[in-house]
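Produce the entire structure from the sequences given, and follow the hints as far as they go.
Using the working numbering, the letters of the sequence shown correspond one by one to residues 1 to 178.
By construction, these hints were calculated from the structure, which means they are not laboratory data. Among the hints, a few may not be true.
FRET-style restraints, in silico, Cβ to Cβ [to be verified]:
hint : residue 1 : residue 2 : range
1    : 67        : 34        : 16 to 24 Å
2    : 177       : 79        : 31 to 39 Å
3    : 84        : 113       : 34 to 42 Å
4    : 80        : 16        : 13 to 21 Å
5    : 151       : 95        : 32 to 40 Å
6    : 164       : 67        : 19 to 27 Å
7    : 16        : 60        : 18 to 26 Å
8    : 80        : 173       : 34 to 42 Å
Fair warning: this is a prediction, and the values are worked out from it, not measured in the lab. A virtual CB, placed ideally from N, CA and C, is assigned to each residue, including glycine.
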Amino acid sequence: MPGPVARVAVVVGNPKVGSRTATAGRAAAAAVAPSAAVSTVEVAELAPGLFTWDDPAVAAATATVLEADLLIVATPVYKASYTGLLKSFLDRFGRDQLRALATVPLMVGAAPLHSLAVEEQLRPVLVEIGASCPTRGIYVLESAIESGELTGQLAGWAELWGPALLAVAGARASAGTP
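Here you go:
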């Protein structure tokens with residue numbers, strides 16, 4: 001899809017680096033903005049500095065998010081919600097700091113049982129920090145990643161919701177919002 005998305009940031013809130021969650025987040029970025037440069041922020045790599053306010057790695061990760069045209073926030077479902085690790089990173093952003101950044105909440109879970117957690121748990125915290133979430137979030141079953149069904153799921157999702165994301169990204173760029 002052509003559009004105003006040159007840079008995508010994928011924030012991965014899984015405590016394990018290189019997880020299925022990271023795979024799903026990067027695949028979502030590729031489905032929506034296939035020609036964009038994608039930067040992945042593995043929050044697990046930042047864990048030692050998350051509670052030190054002047055940590056340079058955490059500052060660089062927050063800058064990566066703030067400089068993106070599109071944000072994918074991916075987390076596994078833990079206890080029917082997102083991970084505490086992800087929450088610790090998101091707490092680095094002030095109210096409305098994302099300034100209408102086009103954002104996709106994405107959760108990975110073992111069963112459909114928690115599919116609404118992406119809307120009821122993850123979306124509200126993203127909106128609080130200023131994300132614009134104009135689409136339905138993505139809930140991915142672990143089995144879809146393992147079976148190869150993920151690509152088809154995300155292609156269908158991007159076909160339906162991609163234009164809305166690109167419209168928000170374009171409006172933000174037109175308004176000159178950094």
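To see whether the hints hold, each was checked on the structure:
Between residue 67 and residue 34 the CB atoms are about 20 Å apart, so this pair conforms to the stated range of 16 to 24 Å. A hinted range of 31 to 39 Å holds for the C-beta pair residue 177 and residue 79, which are about 35 Å apart. Separated by about 20 Å at the C-beta atoms, residue 84 and residue 113 break the suggested range of 34 to 42 Å. In this structure the supplied range 13 to 21 Å holds for residue 80 paired with residue 16, their Cβ-Cβ distance being about 19 Å.
For the pair residue 151 and residue 95, the supplied restraint of 32 to 40 Å holds, since their beta-carbon distance comes to about 36 Å. For the pair residue 164 and residue 67, the beta carbons lie near 22 Å from each other, so the given range of 19 to 27 Å is met. Between residue 16 and residue 60 the Cβ separation comes to about 21 Å, which falls inside the hinted range of 18 to 26 Å. A hinted range of 34 to 42 Å holds for the C-beta pair residue 80 and residue 173, which are about 36 Å apart.
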